[in-house]
Amino acid sequence: MAPSVWLPLLVLGLPFVAFVLLAVVAPLRRVGPRAGLVSIGAIALAFGAAVTVWTEGFVSETTWAWIPADGGPIATVGLLVDPLSNAMLVLVTLVSLLVQIYSLAYLGDERPASLGRYYTYQSLFAFSMLGLVLAPGFLQMFVFWELVGLCSYLLIGYWYERPAAARAAVKAFWITKLGDVGFIIGIVLLWSATGTFEFTDLFEKAQEHALAIPGLPTIMFLIYLGAVGKSAQFPLHVWLPDAMEGPTPVSALIHAATMVTAGVFMVTRTEPLFALVPEVLTLIAWVGAFTALLAATMACVETDIKRVLAYSTISQLGYMMAAAGAGAAFAGFLHLLTHGLFKALLFLAAGAVIHAVGTNDIFRMGGLFRAMPQTGIVFVVGTLALAGVPPLAGFYSKEAVLGGVWEAHLTGPFLMLALTVLLTAFYMFRVVFIAFFGRAHAAADPHEAPWLMRGPLWVLAALTVLVGVRMALGGAEGHEETPAWLAPLSVGLALVGFALAWAMYQRRAIDPARIAAALAPIDYLARRRYGLDALYAGLYRGFILGFSRLVGWIDRYLVDGVLNVLTALTLRGGDALRRIQSGRAQDYVYGVAFGLLLLIVGAQLWR
Amino acid sequence: MSAFTLELGLGAVMLLVFGASLVARGRDRRWIAWLATAGVLVLGMLSAWVKPTPPALAGMFVQDGLAIFAKRLFLAATFIGLLAGISADAVACGRRAGEYHLLILSSLLGMLVLASARDLILLFVAFELMSIPLYVLAGFLKRQDEAVEAALKFFLVGSVSSAVMAYGLSFVYGAARTTDLARVAQAFAPGQPLLLLGLLAVFAGFAFKIAAFPFHMWVPDTYEAASTPFVAWLSVAPKAAGFVALFRVYFEGMGDRVATWVPIAAGLAAITIVAGNLMALPQQNTKRLLAYSGIAHIGYMLVGFAAASASGTAMVLFYLVAYVFGNMGAFLVVEAVARSERSEATAALRGLAQRSPLLALAMLLFLLSLGGIPFVAGFWAKLYVFWAAAAAGLYWLVLLGAVLTVVALFYYLIVAKRMYIEPPDASAGRIPLPGTLALAVILCALVVVGLGLYPKPIVMAALRVAAPLF
Amino acid sequence: MIGLPAYLVLGALVFSIGLFGVLTRRNAVGILLGIELMLNAVNINLVAFARFNGDVAGLVFTLFTISITVAEVAVGLAIVIAIFRVRRTVEADRLDLLRG
Amino acid sequence: MTLETVGFWVVATVLLASSLAVVLTPNLFHAVLYLAAALVATGVVFLLLEQPFLFAVQLLLYAGGVVTIVVFAIMLTERLVGERIAQTSRHVVNGAIVAAAVFVGIMGFLIGAPLGAPRPAETGDTTAAIGRALVGPFAVTLELLGVLLVVALLGALHFARSEE
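Residue numbers (the numbering used here), protein chains in the order written: chain A, 1 to 607; chain B, 1001 to 1470; chain C, 2001 to 2100; chain D, 3001 to 3164.
Extracted from the complex, chain A is given alone in its bound form:
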């Protein structure tokens, strides 16, 4: 077997071996940290292999027959190795590795047995996600798609004794499942129309214009529904904030860097197919942009640090989807990669903060920069990257996304996304100012996290900077040049957001001298504009807050509400139907009689 086949297979196989070892060998699982080492060792080796695959730039496709039918297999399993999957392999293994190392300290207080369980799930997740990335066809992708959903369910519900966690786990599974139903129907319909699940076959057919099947837009829309659920697009985004009930490292890995991006990855992977249905693409772009804006406004009023990050994840997923919808799938994918780095960084840093102060509420934090400067620095690095400040990684990818959407003449989505740039900077710096620079709370005595947690943070921060610098040096390599005014515009918008946050939250800091010394000119200007501050505040309360409250209300009572009502109706229906099961034998005979009548009437009608 060529190394371009067995190396990716190794990447896939190592976490699986770790999973099987941990799942089957109970004594190994019961001693938590050692189980962690098994899992970490496997993922570290897989990471090494993935880096090799990536730097060597392997390209290969290998398939084995799997499900039979008359005349050739109807589905195969295999590996599709190309630049797209190679980059994802590196991202998944890297973040998995760092998260698993980090968890060793973060979850150090857990009972050994449950820590072992945690690493079992982690290995299973790594395997499933890698399998999804390497899938050469829709069916294998769907299988792993479901598996990552299962892992997500198990890991959100990791703290099962908390009712909220159990509820969130069920909700996440159920809502993503709604999308998956569309996905599988779409897959099966596409298959019954074309007779194949394989991407390469389908792309070839698309190339030869042999895919002019009726209902292709519907089919692709159904497939896109899967991405809506998994990648938390409106209106199925409601599960992601609740999913924050899981341990923070899980949020970093699954609900920021990897699993939730599966939808974007799928759309990117099957881009040649989506390219055939421009109307669906436009819909994807609009939904993505709307999701980005909606989630950003909600992040503005959230006080739970993880939920802010969750909304920001939804928002950034909206960016990626909008890019994919605009036909700039490469830009979306680039943003996926950089976002994976800095969002994992932000979550892990937030985890360190939560670990230190014991609360998620940003208003009960404050002055943390002094207590934990290292965490503070990396958090700011992540924030800058997310806000899109050059020369950090996020700037270039966001640039590319905005450029792509502009090029596609999607003015509406572009405006929404541009506004989101402002809001992003605003809500992220809001967190920074309140949590890291605000008044310190006397009761808590936060201190820097242990090295096992700080190490991954520094690695991610360094990568965020390095990738950004690399992009800055490499110029606009790979993507089309964007309009010259775009970079100043987005940086300007980010700065406005930053300034807004600063003016509103930092101005009330108890230690103005230090900040004033550091940021003297801006502070001076702001003092001169004291009246404006009130105006800002008024505007904020009147407009942004009002709008986000409205959106929040719609989210809670309409979107969530509709889902809840559907659930309730289903349950009510079950209860009502149950009542006909009265327990009396004759009523059961009525069932037979009615059944017979039904058959007779039905037959008379259709005869």
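Hints listed in this document are in silico derivations from the structure and should not be mistaken for laboratory results. Check each hint, because a few of them may be wrong.
[Claimed, not checked] Computed, partial: chain B to chain A, Cβ under 7 Å:
#: 1; residue: A1038
#: 2; residue: L1041
#: 3; residue: S1161
#: 4; residue: I1373
#: 5; residue: W1387
#: 6; residue: L1409
[Stated by the list, open to error] Derived SDA-like pairs: lysine to any residue, alpha-carbon spacing no greater than 20 Å straight-line:
#: 7; chain 1: B; residue 1: K1456; chain 2: A; residue 2: T52
#: 8; chain 1: B; residue 1: K1051; chain 2: B; residue 2: R1072
#: 9; chain 1: A; residue 1: K177; chain 2: B; residue 2: R1177
#: 10; chain 1: A; residue 1: K177; chain 2: B; residue 2: K1456
#: 11; chain 1: B; residue 1: K1456; chain 2: A; residue 2: A65
#: 12; chain 1: B; residue 1: K1051; chain 2: B; residue 2: A1461
#: 13; chain 1: B; residue 1: K1456; chain 2: A; residue 2: V77
#: 14; chain 1: B; residue 1: K1456; chain 2: A; residue 2: L569
#: 15; chain 1: B; residue 1: K1456; chain 2: A; residue 2: P3
#: 16; chain 1: B; residue 1: K1051; chain 2: B; residue 2: L1446
#: 17; chain 1: A; residue 1: K205; chain 2: A; residue 2: E61
#: 18; chain 1: B; residue 1: K1051; chain 2: B; residue 2: L1008
#: 19; chain 1: B; residue 1: K1456; chain 2: B; residue 2: L1446
#: 20; chain 1: B; residue 1: K1456; chain 2: A; residue 2: V277
#: 21; chain 1: A; residue 1: K177; chain 2: B; residue 2: V1274
#: 22; chain 1: B; residue 1: K1456; chain 2: A; residue 2: R30
#: 23; chain 1: B; residue 1: K1456; chain 2: A; residue 2: T76
#: 24; chain 1: A; residue 1: K205; chain 2: A; residue 2: A193
#: 25; chain 1: A; residue 1: K177; chain 2: B; residue 2: L1008
#: 26; chain 1: A; residue 1: K177; chain 2: A; residue 2: L569
#: 27; chain 1: A; residue 1: K205; chain 2: A; residue 2: V277
These numbers come from a predicted model, not from an experiment. For each residue, glycine too, the CB sits at the ideal point set by N, CA and C.
Starting from the known structure of chain A, fit chains B, C and D onto it as the hints suggest.
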């Protein structure tokens, strides 16, 4: 080898068990159970060598691919059911062990003949031979309030359905002027309303046996009250037999006229899926939950039936195999837990993952298979029937079925949540598991996983045996 | 001459009366009697068809249904007796421990 | 009007009347007796169709056998409870509507059916033909019926037995 090898072999086993019950003394008659189990195992192995033969008895009895496929399935299911029953104390192995096993074996004999019957009279007799012992078995614990009540309900609904079926058969016979199913199929043409009426009434009889809505109402009560190893078997084997007979009567040799059944079967499938899944939602008793979920599964199989095509039939056969092992396995896990906890409520499963991880894993596999999650058998089963229905143009049915799988996952996940997410009671330890029950559970789990990973052999076999029907 | 339809209508009437009995009787034995009537209608149909078709198979069928009916009744009455022993009632209405 | 026509109407009236009585009378014991009458009337219908053998079977096996078992069962349960068992009906209107609907449904099919063919002349001895069929093509079915009867007996015995 004669066409009757399996039936004659089973008759020999029944005689052996009968003889054994005559000489048996004492309270513990477990060895009779072993005898019956071994006999069925031998027959199961024997069935591997059974080859299709030309029709016997003037065409009444056919031993074709479909019949052999079905018989292997019945024998496998019965073997696992009996194996699990050996571990039971009172019912299967006490003083009445002989009767208990004779009844199961005679019902099995009815199924074997039913799979081969191509004559109305033979079909009816075989159907009744399959059914009557089940009424008795449902109330075998005749000292228990619930058991006898369930037996009475089962019997009343069952015999009314039998009467409807017999009434239908009389019209079929009268209109086709023959009891030979092959010639009934030829006579089935427009302008024969009595034949249609007859076949509809016969359909009602089968619908009772496979428990389609609204003929299903005996199912939850019977399942809840009867002994679990028996229910595990009852929930799969007679239904499989019912489906095989449905294929024989409604598809074999019908040609283009099979399309008559499409709207009827599709409508029945739709209401069965909806009702089964919705009624399963509020259940707190695991056996009732599985009963309703089983009704929903029947609906999914009817989806494949409604496709009225060779591939649809094959997919239902595959679904049956997946369902037989998944459902039996789930019931047997409930039996293991219920024996230790004295409760069949879903609450009894709390924290099972921490108490008996392997048992919980097996249950999870069964639930995932029933829920249709990839890597286990049920996924292919659902995918295949949906595919067959889509190929037949029944898109609305596929959509409905797919949406309701979400509802189904919801209640399966509640059970999974109890096992994996909720903590066990502080005092609870490992669940003791008798060897034979463990073996039965393991067999089911292996099949479910094996079919999930590599469904090829069964799918190919199903396609092969279904093709000659059309 | 009385034609075949007359016999079939007679059968259908008896069948429906039997069904009515099954649906309305409270006593389990009464329900059984209703089932008997339904099966009896089957026999009327079978014999009439056999006679008008000039075919012996229907008569054989009748013999089988009669025998099976007897077997069914025996089992049913045994169940009724068993239920009477534990519950002291044969009112099918009151046997609703199992429901939902 | 031939003798046969008159006979048919008489028998049909008796059959329907006694059937109605079975499902309507409040006295369970009387209901059984009406059932016996209905079964005998059915036997007479068989006679009208020139099937004396089936008439005999109906009389002996059905009317005799079934009615005896039912009477036994009633007496047994009455002895156990020590009082007369009356029976009442429930939801008579609902039951009547559903039963009538089923009847109408069946009639809907019967009306359109091509059933005009006159009765063919009786050929040969049907009793002998039945016998030949039973030991000929239906031999296996007959054996299966034997198993069924034994099993039903076994089951009935299991329930009826009062020891243990």
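Checked hints:
Evaluation of the A1038/B hint against chain A yields a violated restraint, the C-beta minimum of about 32 Å exceeding 7 Å. Interface hint status for L1041/B: violated, as the beta-carbon distance to the closest one in chain A is roughly 29 Å, over 7 Å. Hint status for S1161/B: holds, given a least beta-carbon distance of 6 Å to chain A, under 7 Å. Because the smallest distance between the Cβ of I1373/B and any Cβ of chain A comes to about 6 Å, under 7 Å, the interface hint for this residue holds.
Evaluation of the W1387/B hint against chain A yields a held restraint, the C-beta minimum of about 6 Å falling below 7 Å. The closest approach between the C-beta of L1409/B and any C-beta of chain A is roughly 6 Å, which is under the 7 Å cut-off, so the hint is satisfied. Between K1456/B and T52/A the CA atoms are separated by roughly 36 Å; this puts the pair beyond 20 Å, and the hint is violated. Our distance criterion of 20 Å between C-alpha atoms is met by K1051/B and R1072/B, whose separation comes to about 12 Å.
This hinted pair does not check out: K177/A and R1177/B have alpha carbons roughly 53 Å apart, beyond 20 Å. Between K177/A and K1456/B the CA atoms are separated by roughly 27 Å; this puts the pair beyond 20 Å, and the hint is violated. About 10 Å separates the Cα atoms of K1456/B and A65/A, which keeps this hinted pair within 20 Å; it holds. Proximity of K1051/B to A1461/B is assessed by CA-CA distance (about 13 Å); at most 20 Å being required, the pair is judged to hold.
Restraint check for K1456/B and V77/A: the C-alpha separation of about 14 Å stays at or below 20 Å, so the hint holds. Our distance criterion of 20 Å between C-alpha atoms is broken by K1456/B and L569/A, whose separation comes to about 40 Å. Pair hint K1456/B plus P3/A does not hold up; C-alpha atoms about 30 Å apart against a cutoff of 20 Å. A hinted pair counts as satisfied when its Cα atoms are at most 20 Å apart, and K1051/B with L1446/B does not qualify at roughly 26 Å.
Restraint check: the Cα-Cα separation between K205/A and E61/A comes to about 17 Å, which is no more than 20 Å; the hinted pair holds. Among the hinted pairs, K1051/B with L1008/B is consistent with the structure: their alpha-carbon atoms are about 15 Å apart, no more than 20 Å. Distance check on the hinted pair: K1456/B and L1446/B sit about 15 Å apart at the alpha-carbon level, within 20 Å; holds. Between K1456/B and V277/A the alpha-carbon distance is near 35 Å, which puts this suggested pair outside the 20 Å criterion.
Simply put, K177/A and V1274/B have alpha-carbon atoms about 18 Å apart, close enough for the 20 Å limit, and the pair holds. Distance check on the hinted pair: K1456/B and R30/A sit about 38 Å apart at the alpha-carbon level, beyond 20 Å; violated. Restraint check for K1456/B and T76/A: the C-alpha separation of about 12 Å stays at or below 20 Å, so the hint holds. At roughly 12 Å between alpha-carbon atoms, K205/A and A193/A fall within 20 Å of each other, so this suggested pair holds.
In summary, the hint linking K177/A to L1008/B is not supported, as the alpha carbons are separated by about 50 Å, beyond the 20 Å threshold. Between K177/A and L569/A the alpha-carbon distance is near 18 Å, which keeps this suggested pair within the 20 Å criterion. Only pairs whose Cα atoms come within 20 Å are accepted, and K205/A paired with V277/A is accepted, the gap being roughly 14 Å.
In this structure, the hints that do not hold are numbers 1, 2, 7, 9, 10, 14, 15, 16, 20, 22 and 25, in rising order.
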